[in-house]
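Read off the chains here:
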Amino acid sequence: MVQAAVTRGREARHGGGFQQHKLAPYAFISPFYVLFGFFFLAPSLIALVLSLFRWDGINDPRFVLARNYGRLLSDKVFAQAATNTAIYAIASLLIVLPLALVLAVLLNAKSLRFSNVWRAMYFTPVVTSTVAITLVFQILYNRDTGLLNAPLINLGLEPIYWLGDRYWIKVAIIILIIWRSTGLLTIYFLAGLQSIPEELYEAASIDGASMLQKFFSITIPMLRPIILFVSIIVLLSSIQIFDEIHILTSGTGGPANASMSIVQYLYERGYTRLRLGFASAVGTVLFATVFILSLLQLQWYGVFRKED
Amino acid sequence: MDERFGQRLGVIALHVVVISGALLTVAPIAFMIYSSFKTTTEIFTLPPWLPPAEWSFKNYETLLTSWHFPYWYANSIIYAAVVTLFVLFFCSLAGFAFAKYSFRGKNVLFIILIGSTMIPFQLILIPLFILMSRIDWVNHPASMIIPWMAPAFGIFLMRQYIQAVPTELMESARIDGASEFRIYAQVVVPLVRPGLTTLAILTFLGSWNSFIWPLMVLRGNEVITLPVGIATMRSQATASQIPYGEMMAAATLVSVPVIVLFLMLQRYFISGLTIGAVKG
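Residue numbers (this note's numbering), protein chains in the order written: chain A, 1 to 308; chain B, 1 to 280.
Everything labelled a hint here was simulated from the structure, so no lab data went into it.
Check the hints yourself; a few may be wrong.
[Said to hold, decoys possible] Here's a subset of chain A near chain B, in silico, CB distances under 8 Å, partners left out:
#: 1; residue: L112
#: 2; residue: S129
#: 3; residue: I178
[Unchecked claim] Where chain B lies over chain A, by a calculated footprint (3+ residues, C-beta under 8 Å):
#: 4; segment: 181-193
#: 5; segment: 277-290
A quick note: this is a predicted structure, and the numbers were derived from the prediction, not measured.
Don't be surprised by glycine CBs; every beta carbon is placed ideally from N, CA and C.
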């Protein structure tokens, strides 16, 4: 029978494909759709439904319509978490992104010797465990003996209470974000720089353009799609920030929620306090935000494509 | 001023800026490794470049003997290795299908694939956790492996690499009577080794460094992963006796092997980030 099928297949080849050829791709892609349906789609739908209920995971769920959303929007801690998250996102956009862009241009300079060595050094934060490095920063941020306060202490000035001050904790987290994500964005920008034709710079040199003029009138306009793409990536990853804050603040998001992010809020309400319905509402709001940003990202999806 | 001189000055400035930034970037990692040989008191003594009174591996010894560190390490390796094997298999199969077959519903299925990347993991954090507890996967290795076996980004990545494989090679294998799976295993896979290496690195690294999910689903010293274990080293200690020396040793052991791996396989890693994350 198998032999017959093979023969039939061979015969059918010219006639436009045979059974196995037709079914194989479905078999090949099925693992993704099974796993996606069970572990992602189903939970997403459960979250949407659950956001209309009040449930502690033990007693029967109680239908509360949109009350979770109402309570969420009037919750001061949520407002704080949303504001903090927005601050992290904006800081990343205004600091990390330009820094990475300039760094990529510098690393791409032909006159730079041992460029590979420096690149590798800049990229190491991308692969370093967030938990490990956050613990290191925790030591560096120590009020009385941290390296970052050492100059102030030496000058006899009041040391900064990095981890205990409502304002400085955010600065501390932003510094950590800068350290962690500049290298990653630099990788994207370096890839983008490869696609700028060399002749543009040569022509500009002949016209007597300076380095800065070339940067602003060739590099930036040519990288425009990638800059937009990277902006979306930055926004998406800022919205999902959790690890750094959780470790740096010992899981509190403190002092007094001053550093808490939306995901930390979600974790705390849903996982620690078991307010499952309410946390699902938080997740749904987050989803709506990310969905819109992702749609924007799709617009720029093919930005690195050259061949088609 | 001499133009040549100005150019030289520019090159020197370029090197000064690039090198000092690079040193600043690796400084915290150097601090981490250096501190792992110090006592906790010495770690909190300024300036940090003072050498320890006695160079010793004591932190490492304590880490291996008084904590469940070897378990954490083994768990992290096992979860990451197993999930990586499955990801390589499932993503290359699906990438092959999307790259080289035309089949009914392909477009819709592909749109679903793209759409799936729009679901932030955080949305399903709580319901996925509920699901895990319903099917008794809390504290079970399956929760660290099975839901993550076929990520959409990996399928994109493999599709991208497999598109470059000449279709004629497949056609001739088919004429020789090879089954579709055999074409995949014997024609496609050997030709996309760089893509598989890239995907393996990204997957392993993602699993190795993941934090919030294992923090939620794994409990107990015998099953938790390295990052969660290191975090519990601090939360289990009283505030005045946080074992920073041992934590720096643990941090070194969790990150340095990965950094070395990265330095060796940098090329694959970077192409994965730029092709996989960005190309459609």
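Hints, one by one, checked against the model:
Taking 8 Å as the C-beta cut-off, the interface hint given for A/L112 holds, the closest approach to chain B being about 6 Å. The restraint placing A/S129 at the interface with chain B holds, with a minimum CB-CB distance near 5 Å, inside the 8 Å limit. Look at A/I178: its Cβ only gets to about 10 Å from chain B, farther than 8 Å, so that hint breaks. Under a criterion of three residues with beta carbons nearer than 8 Å to beta carbons of chain B, the stated coverage of the segment 181-193 of chain A is upheld, 6 such residues being counted.
Check on the segment 277-290 of chain A: 7 of its residues sit with their Cβ under 8 Å from a Cβ of chain B, so the three-residue criterion for coverage holds.
Taken one by one, the earlier hints fail for this structure only at number 3.
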